[in-house]
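2 protein chains.
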Amino acid sequence: MVGIGPGAKEDMSLRALDAVKKSDTIIGYSLYIDLIRDIAGGKEIISSAMRKEVERVELAIQEAQNGKTVSIISSGDSGVYGMSGLVLEILYKENISLSLEIIPGIPAANTAAALLGAPLMHDYAVISLSDLLTPWEMIEKRVRNAAEADFVIVIYNPKSSQRDWQLKKTIEIILEYKSTATPVGIVKKAKREGESILITTLDNIEQDLIDMMTIIIIGNSSSFIFQNYMVTKRGYDI
Amino acid sequence: MVGIGPGAKEDMSLRALDAVKKSDTIIGYSLYIDLIRDIAGGKEIISSAMRKEVERVELAIQEAQNGKTVSIISSGDSGVYGMSGLVLEILYKENISLSLEIIPGIPAANTAAALLGAPLMHDYAVISLSDLLTPWEMIEKRVRNAAEADFVIVIYNPKSSQRDWQLKKTIEIILEYKSTATPVGIVKKAKREGESILITTLDNIEQDLIDMMTIIIIGNSSSFIFQNYMVTKRGYDI
Numbered sequence: 033m034v035g036i037g038p039g040a041k042e043d044m045s046l047r048a049l050d051a052v053k054k055s056d057t058i059i060g061y062s063l064y065i066d067l068i069r070d071i072a073g074g075k076e077i078i079s080s081a082m083r084k085e086v087e088r089v090e091l092a093i094q095e096a097q098n099g100k101t102v103s104i105i106s107s108g109d110s111g112v113y114g115m116s117g118l119v120l121e122i123l124y125k126e127n128i129s130l131s132l133e134i135i136p137g138i139p140a141a142n143t144a145a146a147l148l149g150a151p152l153m154h155d156y157a158v159i160s161l162s163d164l165l166t167p168w169e170m171i172e173k174r175v176r177n178a179a180e181a182d183f184v185i186v187i188y189n190p191k192s193s194q195r196d197w198q199l200k201k202t203i204e205i206i207l208e209y210k211s212t213a214t215p216v217g218i219v220k221k222a223k224r225e226g227e228s229i230l231i232t233t234l235d236n237i238e239q240d241l242i243d244m245m246t247i248i249i250i251g252n253s254s255s256f257i258f259q260n261y262m263v264t265k266r267g268y269d270i
Numbered sequence: 033m034v035g036i037g038p039g040a041k042e043d044m045s046l047r048a049l050d051a052v053k054k055s056d057t058i059i060g061y062s063l064y065i066d067l068i069r070d071i072a073g074g075k076e077i078i079s080s081a082m083r084k085e086v087e088r089v090e091l092a093i094q095e096a097q098n099g100k101t102v103s104i105i106s107s108g109d110s111g112v113y114g115m116s117g118l119v120l121e122i123l124y125k126e127n128i129s130l131s132l133e134i135i136p137g138i139p140a141a142n143t144a145a146a147l148l149g150a151p152l153m154h155d156y157a158v159i160s161l162s163d164l165l166t167p168w169e170m171i172e173k174r175v176r177n178a179a180e181a182d183f184v185i186v187i188y189n190p191k192s193s194q195r196d197w198q199l200k201k202t203i204e205i206i207l208e209y210k211s212t213a214t215p216v217g218i219v220k221k222a223k224r225e226g227e228s229i230l231i232t233t234l235d236n237i238e239q240d241l242i243d244m245m246t247i248i249i250i251g252n253s254s255s256f257i258f259q260n261y262m263v264t265k266r267g268y269d270i
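The listed protein sequences derive, respectively, from chains A and B. Heads up: the first sequence is residues 33 to 270, going by this note's numbering. Heads up: the second sequence is residues 33 to 270, going by this note's numbering.
So that you can see chain A by itself, here it is in the shape it has in the complex (with noise of 0.2 Å):
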């Protein structure tokens, strides 16, 4: 289970890119595997669509049982939101042993935050805002809870054509203990083609702008906007 980043070669660790060399099978959704093929060349190589994954699992654990040596591709860091847990659920359902390796990656929301400055200096929370895995009431729960801790909070997944509503209401949560002017910054398509990088305010998030490929990192009550940078103070006297 490969981490690959971002996408471009330069952002993989090198036990990363090392895995992917010395596989015979390179298995992931068709984006990512986009991201890697000049690695990738001369390996089988198996990609499928967005929410194929169990199938994507279960293709990867048959080429192991043959004997191959087969990377799985997570874009970012294949433990969060990514492709280890489901492999690691899938051998324990069907008791199987195989010897395994997890690589991490620099996740989505690390990727993000250097772009945006230091958003992520202190105490913060994770959430995806995808309803299709977890009930919609549990996301809602985290949101508030994150929010009324002063938590920094990393969004993840927050729209998609088919999910429409659900930023709007998380923002919505958000405004009862935040403040409009807390500094909020969406990145999208961090590193790759396309990318964009913007900062604004709580009260001035431009859903338009917004799909899956974004990360939205709101900042907790010390954060602030320097330059074209977004900063969280980590407590020094300074």
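Don't take each hint at face value.
Same chains, same names: a pair is fine if it fits in one copy or spans any two.
As a list, the in silico DSBU-like pairs of lysine-lysine whose alpha-carbon atoms are at most 30 Å apart [unchecked claim]:
hint : residue 1 : residue 2
1    : K221      : K173
2    : K84       : K125
3    : K125      : K100
4    : K220      : K84
5    : K221      : K53
Hints are computed from structural coordinates only; laboratory data are not their basis. Everything numeric in this text was worked out from a predicted model, so none of it was measured.
Keeping the supplied structure of chain A fixed, place chain B upon it in accordance with the hints.
For chain B alone, coordinates are given in the frame of chain A:
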């Protein structure tokens, strides 16, 4: 500002490695400088003790103002309890403009998670227990809110020789909301000499093993232990 990940060259991104190699001067906490000493050969190296962060940043700014290319090093991600924020805070305070690049690394939480299995597969909260720079009441509130909303909880800086009661108190609070059987992963010196990895349950955390170099990951209500892995379910119907 360069995040080097856990320490070994293999876990750095190519971008981070390249930045260090292209720098005239490398500045960091002595322990982290030691980790990358082999790739920093021939550079001016300025290392300093823990808690000398402000001094380190002032030195880095001076060097950069003298025309040097400077890498200021953090372990893990430079933007997670690292040096990026402090650099930006000081530049803001002193009204200085410099050409900056922020290079993220694999955060300690994610390195620990990969060694444990896949505990961060669902929404998670990252909390430092160090009350040197944060009032304890704030930390306690965050622990309570995170536990109540069934976040996976990642604890940084759980304990030091001067801070010995915070972790015990934290576990007591979490036990008000989470079951005693909740899986807990304890990772010390991840990917470094002396690494230790332990998977246990919330009612069975051995305090003596834990120090400042330890990351603790406490599962949510779906987390389980399988072989020698800790896994949090993503919610797939498998």
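Handout entry: Numbers of unmet hints, in rising order
Key = none
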